[in-house]
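Chains A and B, in that order, give the protein sequences. Each residue of the first sequence is one higher than the one before, starting from 1 at the first, in the working numbering. Each residue of the second sequence is one higher than the one before, starting from 1 at the first, in the working numbering.
Rather than coming from a laboratory, the hints here were simulated on the basis of the structure. Glycine included, C-beta positions come from ideal geometry on N, C-alpha and C. Be aware that a few hints might be false.
Far from chain B, some chain A residues (derived; all Cβ distances over 10 Å) [said to hold, decoys possible]:
| hint | residue |
| --- | --- |
| 1 | Asp-25 |
| 2 | Gly-31 |
| 3 | Arg-36 |
| 4 | Leu-64 |
| 5 | Gln-69 |
| 6 | Phe-83 |
| 7 | Leu-120 |
| 8 | Val-121 |
| 9 | Thr-124 |
| 10 | Tyr-134 |
| 11 | Ala-180 |
| 12 | Ile-205 |
| 13 | Lys-217 |
| 14 | Ser-235 |
| 15 | Phe-242 |
| 16 | Leu-258 |
Estimated spans, in silico, between C-beta atoms of each pair [to be verified]:
| hint | chain 1 | residue 1 | chain 2 | residue 2 | range |
| --- | --- | --- | --- | --- | --- |
| 17 | B | Ser-60 | A | Ser-107 | 35 to 43 Å |
| 18 | B | Ala-168 | A | Arg-32 | 34 to 42 Å |
| 19 | B | Glu-218 | A | Glu-267 | 51 to 59 Å |
| 20 | A | Arg-193 | B | His-101 | 20 to 28 Å |
| 21 | A | Glu-164 | B | His-101 | 56 to 64 Å |
| 22 | B | Leu-88 | A | Glu-267 | 53 to 61 Å |
| 23 | B | Ala-168 | A | Arg-122 | 33 to 41 Å |
| 24 | B | Leu-88 | A | Thr-124 | 50 to 58 Å |
| 25 | B | Val-144 | A | Arg-193 | 16 to 24 Å |
| 26 | B | Ser-230 | A | Gly-24 | 44 to 52 Å |
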Amino acid sequence: MAGIVPQQTGLEALKIQQPGAIVGDIARARGRASLRFRLIFFATWIIVVGALAIAFIGTGKVHLDFLAQWTPFILGGVPVTIFVAVCSIAIAVVFALFGALGRLSRSAPIYALATLYVSLVRGTPLIVQILFVYLALPQFGLVLDPLFGGILTLAFNYGAYMTEIFRAGIQAIPRGQVEAAQSLAMPEGLIMRRIILPQAVRIVIPAVGNEFIAMIKDSALVSFVTIQELFWRASTVGSRNFRSFETLLVAALIYWFLTIGFSFVQERLEQRMAESDRRL
Amino acid sequence: MTAVATDRDPFAAPGKLTPAGAEPVVKLRGVEKYFGSNHVLRGCTLDVYPAETVCIIGRSGSGKSTLLRCTNFLEEPTAGSVEVDDILVEADPLHSRSRAHREQIRQIRLRAQMVFQDFNVFPHMTVIENLVEAPIRVKGVKRVDAVTPADRYLAKVGLGDKRDEYPARLSGGQKQRVAIARALTMEPKVLLFDEPTSALDPTLVGEVLRVMEELAHEGRTMVVVTHEMSFAREAADRVYFIEAGEFAEVGPPEQVLDAPRDERTRQFLARFLAQA
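Chain A on its own, in the form it takes in the complex:
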């Protein structure tokens, strides 16, 4: 028999089983597994959050009427919170840019100033900085508008942290880019402005997005200087009515939804950037 029927090699055996069918099966199985994973993920969230809600409401100590009455007022703080966060991060980017250039400078005094800035800001609590501007500076006759002072202080603080992000972004640009620009007789300032920074910006955008999300939460600190943003409204209404649980819970949920929303936007933005990198 062996002489008449050609022996099947391993490869031929595979051919008979039609590898195309297997590939399809594998893809379908993976698809089912990933769908199952996502379903369980959301179910777990809903169960845990729902159980917590029911448990709290079940105690009978959560006043839903009070919540219905005051939630719109607390929500009214959202635009202020977003305004503070957006303005602060925008100004922080400017601080960070100059901080990073200073930290990369060969000039000793400029390097010293930039390093002092980062060290001082990172070494002191943000709330101390905010109150310093609001309460301490007026002793010297320097009175800033609370909103402006708050935004400036947040920006100053975040700028210091972001200085290191920007510095890393600038240093991530390959040496060859600088050498090519030098070879084209470009002066240093032009190389920074036209060659390094545009490429560094793309690198730091995801990190700046993270800082913005952190800023949304830290913007609550300007409530200490009378800015009537989300947290100020929640804590004020709560403590006046001895209903802090309800108001702070609402505030926390709003912050949570805001950060989830902006994280989603940020993810999309990064995806778009990754796609355009592929297209490039």
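Let chain A serve as the given structure and place chain B on it in line with the hints.
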């Protein structure tokens, strides 16, 4: 082979295409370079006449790229002098950041354009923007006046249809040709090539070498650090073999590559051919 620092290059002579009576456009005199205590260049003297193509060969670590990079001051020479098109810069490592010194270096760079091993095209700019960036912002050429020659040079390197692409969409060979076109738009007196095909997939080397050969034949002045012996043989007026930071043998390609007189050249070529 030792050369006194102020001597002219004893091996240099006007090339086939050099206009009569022309002086060398590049003059390196006794160029020395230390990296820390590592003595990388030990007094290199090199003259390049207009319209000449000069190739520098040698094993890696012999100092050939460093010599090229000293020519446009991407590396600051420790001693010696560099002259490009009557701009003379003496090595002055202790005062290398003075304003006058930097301006001299800028003048050299305007005249000596480098093409790099790893292309270094600007990834955030389209091909045409890569080409017009420096003419517009460094030389102050108007955009309309910069675009026309840029398009001409792009067509010359065979990439006219890629002008609005971003570099990431180009192959290595295409990127390198963009880099060559970018160097040409600066209208330099001399083109410096630093192993321009070493980072390329073997199938893409040819398209870059063809462009370089064309430039050599139309009378561009070129200094080429390369491992492509076929290019040296085809296009070079003179080949410098560098070993341990000094020229061991200099001569026409048919001498240095095919009938080397120096034992070190012979060894290098034997080992090189064995690897290839």
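Here is how each hint holds up against the structure:
1. Asp-25: About 36 Å separates Asp-25 of chain A from the closest Cβ of chain B, which puts it past 10 Å; holds.
2. Gly-31: holds, 31 Å
3. Arg-36: holds, 37 Å
4. Leu-64: Holds: least Cβ distance 54 Å, greater than 10 Å.
5. Gln-69: Holds, because the least Cβ-Cβ distance between Gln-69 of chain A and chain B comes to about 53 Å, which exceeds 10 Å.
6. Phe-83: Fine: 32 Å to the nearest Cβ keeps Phe-83 of chain A off the interface.
7. Leu-120: About 30 Å separates Leu-120 of chain A from the closest Cβ of chain B, which puts it past 10 Å; holds.
8. Val-121: Fine: 31 Å to the nearest Cβ keeps Val-121 of chain A off the interface.
9. Thr-124: Holds, because the least Cβ-Cβ distance between Thr-124 of chain A and chain B comes to about 36 Å, which exceeds 10 Å.
10. Tyr-134: Holds: least Cβ distance 42 Å, greater than 10 Å.
11. Ala-180: Not fine: 4 Å to the nearest Cβ puts Ala-180 of chain A too close to chain B.
12. Ile-205: holds, 13 Å
13. Lys-217: holds, 33 Å
14. Ser-235: Fine: 46 Å to the nearest Cβ keeps Ser-235 of chain A off the interface.
15. Phe-242: holds, 58 Å
16. Leu-258: Leu-258 of chain A clear of chain B: closest Cβ-Cβ about 32 Å, beyond 10 Å.
17. B:Ser-60 to A:Ser-107: 35 to 43 Å: holds, 37 Å
18. B:Ala-168 to A:Arg-32: 34 to 42 Å: The hint (34 to 42 Å, Cβ to Cβ) holds, given that Ala-168 of chain B and Arg-32 of chain A are roughly 36 Å apart.
19. B:Glu-218 to A:Glu-267: 51 to 59 Å: Once the Cβ atoms are compared, 53 Å apart, the range 51 to 59 Å for Glu-267 of chain A and Glu-218 of chain B holds.
20. A:Arg-193 to B:His-101: 20 to 28 Å: About 23 Å separates the Cβ atoms of Arg-193 of chain A and His-101 of chain B, which means 20 to 28 Å holds.
21. A:Glu-164 to B:His-101: 56 to 64 Å: Distance hint for Glu-164 of chain A, His-101 of chain B is violated at roughly 33 Å.
22. B:Leu-88 to A:Glu-267: 53 to 61 Å: With Cβ atoms ~57 Å apart, the hint holds.
23. B:Ala-168 to A:Arg-122: 33 to 41 Å: holds, 37 Å
24. B:Leu-88 to A:Thr-124: 50 to 58 Å: Hint holds: Cβ distance 55 Å, inside 50 to 58 Å.
25. B:Val-144 to A:Arg-193: 16 to 24 Å: holds, 23 Å
26. B:Ser-230 to A:Gly-24: 44 to 52 Å: Once the Cβ atoms are compared, 50 Å apart, the range 44 to 52 Å for Gly-24 of chain A and Ser-230 of chain B holds.
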